[in-house]
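Chains as they are written, first to last, in the working numbering: chain A, 1 to 189; chain B, 190 to 560; chain C, 561 to 725; chain D, 726 to 1094.
These are calculated hints, taken from the structure and not from any lab test.
Do not take every clue at face value.
As the list claims (entries may be wrong) - Reference excerpt, derived from the structure (chain C facing chain B, CB under 8 Å, subset only): (1) D613; (2) W662; (3) M696.
To be verified - With a cut-off of at most 20 Å between alpha-carbon atoms, the simulated SDA-like pairs for lysine to any residue come out as follows: (4) K540/B x Q1068/D; (5) K540/B x W822/D; (6) K402/B x L638/C; (7) K580/C x G491/B; (8) K402/B x P663/C; (9) K707/C x A248/B; (10) K908/D x A248/B; (11) K908/D x I283/B; (12) K586/C x I283/B; (13) K537/B x L223/B; (14) K818/D x C146/A; (15) K818/D x Q161/A; (16) K908/D x T203/B.
As the structure is a computational prediction, the values presented were derived from the model and not from experiment.
The C-beta atom is built at its ideal place from N, Cα and C for all residues, glycine as well.
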Amino acid sequence: MGVKEKPVTKEEMESWRIPIPGGAAIIAPVERVAQWARKNSLWSLTFGLSCCAIEMMSTAAPRYDLDRFGMIFRATPRQADVMIVAGWVSVKMAPYIKRLYDQMPEPKYVIAMGGCACAGGPYRDSITIVKGVDHFVPVDVYVYGCPPRPENLINGILKLQDKIAREHVLTRNGDRAPHREPIIIGENA
Amino acid sequence: MPLTSTEISSPGMTINMGPQHPSTHGVLRLLVELDGEVVHSCRPVIGYLHRGLEKMFEARPYRQCIPFTDRLDYLAALNNNLAISQAVERVGNITVPERAQYIRVMLCEMNRIASHLVFLGTYATDIGATTVFLYAFRDREKMLDLLEMMTGARLTYNWIRPGGVPTDLPEGFEKAVRSVFEELKVTLDENNRLLTGNRIFRVRTEGIGVISKEQAIAWGSTGPVIRGSGVPYDIRKIAPYEVYDRLDFDVPVFDQGDCMARYLVRIEEIRQSMRIVEQCFKDMPDGEIMTKMPKIFRPPAGEAYSRTESPRGELSFFMVSDGSLNPVRVHVRAPSFIHLSMLPDLLKGVKVADVIAILGSLDTVLGEVDR
Amino acid sequence: MPTPEAISKLQQLFSEDQLKVDWAGKELILNVESDSFKNLCTFLRRDTDFDCDFLADITSWDTGVSFPLWYRFHSMSLNHTVIIRTNVSRDNPIIATVTDIWPGADWLERECFDMYGIDFEGHPFQGDLAQMRILMPKDWDGFPFRKDYEPVFSGDPLHGPQERN
Amino acid sequence: MSVRVYTSSKSYRAGQFFGGLIVALIVIAIASLLPLLPWYKLNPVLDFIGMHPWLNAFLKAFVVVNFVALHVLFLIWLERKFAGWMQARLGPKHVGWQGLGQTLADAIKLFLKEDIVPAKADRQLFAIAPFLSFMPTLLTFMVLPFSAAWIAYDYDLGALFVVAVSTNVALGVLAAGWGANNKYSILGGARAVAQLLSYEIPMVMMILAVVTLSDTMSMKQIVLRQAHLWNIVAYWPVMIPAFLIFLTCALAELNRTPFDLPEAESELVSGFHTEYSGMRFAFFYLAEFANNFFSAGFAVTLFFGGWYGPILPPVVWFTLKTLILICVMMWIRWTLPRLRIDQVMGFCWKVLVPISLVVYCITALIALK
């Protein structure tokens, strides 16, 4: 399965129209600005679980440098836009991840990094591991790999940025919004 | 009216550090009882990464256990590979060719350097010096390049296996290693000037979190923690495995037992590891790198354990075999697990900021603690 | 490596059916019955010929009949390793704690309890299930490392055992 | 198989940074051309404004607020770029030219984020705290002399006004810490108040030293006295230690490393603003960087001769000096580790206060001479 990418279609543009005279002319630029701002300022939550967290740190480190894309790490969920779940999720940890997700302000995004967070990874037959973080939080980008290389994570982040750029900003409706179509990176199925 | 002293007391405040906290190094949770800034008591809660790994080993053939050990102490995956390989070799009476032993030692020491560089970086962030973190990771990337050149992976190598190592050194490896070491020696000195000599860093670490010699032994601490308390306990010296008895290296020991001592032990170990790797290149004989092993490996019934010195301390795998394809029991003696159990004693009466400093100086990896 | 004198001292103190001495290379393996276990530990710690001041490891496993316990000690001054093996029955898995001799045994014993349900008599948290549990969640049902453990799957990702798939 | 072992090129990184500096210089150059424009054509308008004091006041306030906001946008970019340069990274790069649009994107995003007020928070206090900490900072800009003409209000008690107003930042921080009903916040708030109030003492002492030597409290007059020789040169035996103490205290007041305890990330998650999201958090950010600019500007006013300098127009000189001082502060921030709270307090009361007393006594002697 490749990466799902949809260019903005005419119909999609039409659907953004608000039925007031000249509405689109007002709304569209505002939306563009909001999309641009959100996309370019993805602040991530300092939250690592296991091996992938080390690769996440490497991604922020000099050679890969996430700051280039305006991505900095914030320690508190209140100031974060994206949660990178980097590592396996145990039954004991799952409620806390759910709580962290709930504590983040909208709009919020989740990147499942590594095989464990995507689908349980090598621990699929363990009874204490949740088979994928998408069992309790909506995931926007799945980055496979064990652990994924930093380049892979950056790819996922860039894909997420593209997705945000296509997102319908003004009527964004939490988890039920249609844009919640996941992007899958690095899965060779 | 006579003056009476009134005791001013306030109810303590319980702070829940973790499981998500920037400096608990993973998903450790510390229930800290505070009186103002002073810690009354602390109770570590672990198990947030528990995946029943030891149980999962019981359902796998011996050689299929190796990839899982990468994810125990993910900062030093090769050291874990080595430990379990040794346990399997002992339970199955396998001897490893000499060249393979040299390669193993070399890779483990390089992984130790990478691991200690992560410590340097994360510890600096704990104390508040963000820049050193990035410098340390910059240097670590070079080490990872070398390991990738050898094994093809950055973090989880799955390389050392029972009987030897799968492939020989790649072309131009020695040259690459030497050039990286030259750079590393320079940047280590740079970090030394930036951090070790820094007055603020010294007042934050000297005399903080003192573990006495007796305490360190009684609690079963190993590795840089016990060596920072003045006990020269290093498995590579007291019970040499592989070819460590033929190599010339020093075991850095500091007597102070504080955070600074543990930090200095690790910094010095980086230098010693470089020395070991350079010697390995010189002494390495030609020859086989893998013992012939049966496709279906059934070791005789019995128990065996390995003792290795991982960057965090004594890492030992205990293995019970009953002659079948799978082990009956694999137990991991994780050094970080033991170190964390010292925390309630260590953290009594320190300041909040010291909690982080002390925890960081133990350099625990939660993947290993929770197993 | 413990001296022959030291071993003869051991054999004088403990009777033949309580303690069996075995060697594995340079390492001394002491097979001891669970009722003499605590005495042996105290002796190993106090005696200057053994001086086992460092507890390296505690583990246990499930043979289907009993839970063998495996203790590894090290002497910092004499640089030798002593291994103690003992057995507890599956029906009544109880053994004396060594936390009063080696404080480092605390978490290792708790782990044995958590995984196999072996009770350590005299452990600070003995009898307090929620406090004794260390790796598993407090409200976990059963001891997962026993060979006959059957998890009850709830299907709820936030609570309880997870389905294997 | 071979893997390329490479290292990041130093010259490339330096190029990135100097690219950034060139941007700054271009901005300054454009600013320096501003006085050449035919401003006199605006005279009737200015006369009109001058005749209507309310309009006058409103316009001045408007200019000050916008100036502060724009400067903060630039400063945050500079800080990240500078940090990147120091840390062998690139820093913001892909948003706008050399990442210049980064802060703007951050700001817009923060303003569009959900504004969470925790259920158990003290709602009023929580809501008002960011503005409580931003307002005093904004007010201090009122008396900051960019040049002899560019000063919003030439108050003859300017230095006193600054001291009186800027202390109120502590109030906002305490309100944030208390109102959020979060344990990390309250610890951060308590630390902040203890630290801000303690470091105020040596700082005021050093301001007093300059005031004593200048014989005036008006910011404008303080600069005018330095027309020939900067204070730090003219009275170097006392003014150099005074400046160092002032800089230390300024760092402490700004909550910057090594004194960033109120928001110590590795200990208190984010300290007093742990529970703040979106717009309210942006105000804390704004306040921090505005305060940074003000502190540097104040130091320039007190010690480095304010707007005086050859060739370039006064405003440019003032901004340039301030930016250099800000860079020094960033340099310190990204180099040093963090102190512990008792060490911070001990350092203030046992080292800084006695030294500043001695320095002030010597200053008084010089003034009496």
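Do the hints match the structure? See the list:
no.: 1; hint: D613; in the structure: 5 Å, holds
no.: 2; hint: W662; in the structure: 6 Å, holds
no.: 3; hint: M696; in the structure: 6 Å, holds
no.: 4; hint: K540/B x Q1068/D; in the structure: 11 Å, holds
no.: 5; hint: K540/B x W822/D; in the structure: 45 Å, violated
no.: 6; hint: K402/B x L638/C; in the structure: 16 Å, holds
no.: 7; hint: K580/C x G491/B; in the structure: 17 Å, holds
no.: 8; hint: K402/B x P663/C; in the structure: 14 Å, holds
no.: 9; hint: K707/C x A248/B; in the structure: 11 Å, holds
no.: 10; hint: K908/D x A248/B; in the structure: 45 Å, violated
no.: 11; hint: K908/D x I283/B; in the structure: 57 Å, violated
no.: 12; hint: K586/C x I283/B; in the structure: 19 Å, holds
no.: 13; hint: K537/B x L223/B; in the structure: 10 Å, holds
no.: 14; hint: K818/D x C146/A; in the structure: 29 Å, violated
no.: 15; hint: K818/D x Q161/A; in the structure: 15 Å, holds
no.: 16; hint: K908/D x T203/B; in the structure: 8 Å, holds
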